[in-house]
Structure formats: C-alpha cells, structure tokens
Amino acid sequence: MILVFMVAFAHIFISPIVQNIKDVVPTIADATSWTNAQMQAMNWLFRAWYAFPFFAFIALLVWLIKRAIEKRSGEVV
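Letter by letter, the sequence shown follows residues 1 to 77 of this note's numbering.
Fair warning: there could be bad hints in the mix.
Estimated spans, in silico, between C-beta atoms of each pair [as the list claims (entries may be wrong)]:
(1) Ala-37 x Arg-72: 15 to 23 Å
(2) Ala-10 x Leu-61: 15 to 23 Å
(3) Leu-45 x Glu-70: 17 to 25 Å
(4) Leu-60 x Ala-37: 33 to 41 Å
(5) Arg-72 x Ala-10: 16 to 24 Å
(6) Met-39 x Gly-74: 18 to 26 Å
(7) Ala-8 x Met-39: 26 to 34 Å
(8) Glu-70 x Ala-41: 37 to 45 Å
(9) Phe-55 x Phe-13: 14 to 22 Å
(10) Lys-71 x Asn-36: 50 to 58 Å
(11) Val-62 x Ile-14: 20 to 28 Å
Everything labelled a hint here was simulated from the structure, so no lab data went into it.
For each residue, glycine too, the CB sits at the ideal point set by N, CA and C.
Generate coordinates for the entire structure from the input sequences, incorporating the hints supplied.
Take a look at the structure:
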C-alpha cells in the first residue's frame, strides 16, 4: 500500500515533465515520421499515466473496505 502512495506522489511531481514530453512528441513524430500505430501507442501510454491516480484511489478504497470487514470479523488485530 505504501508503494501505491509513493507512486502517486511521484506521479504528482513527474506529471509536468510528462506533459512537456507530450508537447514535444508530435514534433518528434514529424521529424522521424512515426507510424500511426506508434502514435496511438504513445497516446495510450499518456492516457494510462494520467488515469493512474484514479485507479490508485480505487485500490486504496478497496483495501480500506477489506480491512474494515476483516476488523469487524476479528481477523485483524
């Protein structure tokens, strides 16, 4: 769980760098004439990067609910 928080905080600090790279990618694509499939793959990676905090938050909620249920049943001390 701590790893999720570490990655989430890293995401906050690295996002501006990723955004700058995203702004440069079309220029690089023109210079190196990337294929459409390569551009689609890059776009998917950027979308996955920006969706990470949402999924980390869901994972945290699921873990907290699971822990609450375990505490209630007496499985966790």
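To see whether the hints hold, each was checked on the structure:
no.	hint	verdict
1	Ala-37 x Arg-72: 15 to 23 Å	violated (50 Å)
2	Ala-10 x Leu-61: 15 to 23 Å	holds (20 Å)
3	Leu-45 x Glu-70: 17 to 25 Å	violated (36 Å)
4	Leu-60 x Ala-37: 33 to 41 Å	holds (35 Å)
5	Arg-72 x Ala-10: 16 to 24 Å	violated (34 Å)
6	Met-39 x Gly-74: 18 to 26 Å	violated (54 Å)
7	Ala-8 x Met-39: 26 to 34 Å	holds (28 Å)
8	Glu-70 x Ala-41: 37 to 45 Å	holds (40 Å)
9	Phe-55 x Phe-13: 14 to 22 Å	holds (18 Å)
10	Lys-71 x Asn-36: 50 to 58 Å	holds (52 Å)
11	Val-62 x Ile-14: 20 to 28 Å	holds (25 Å)
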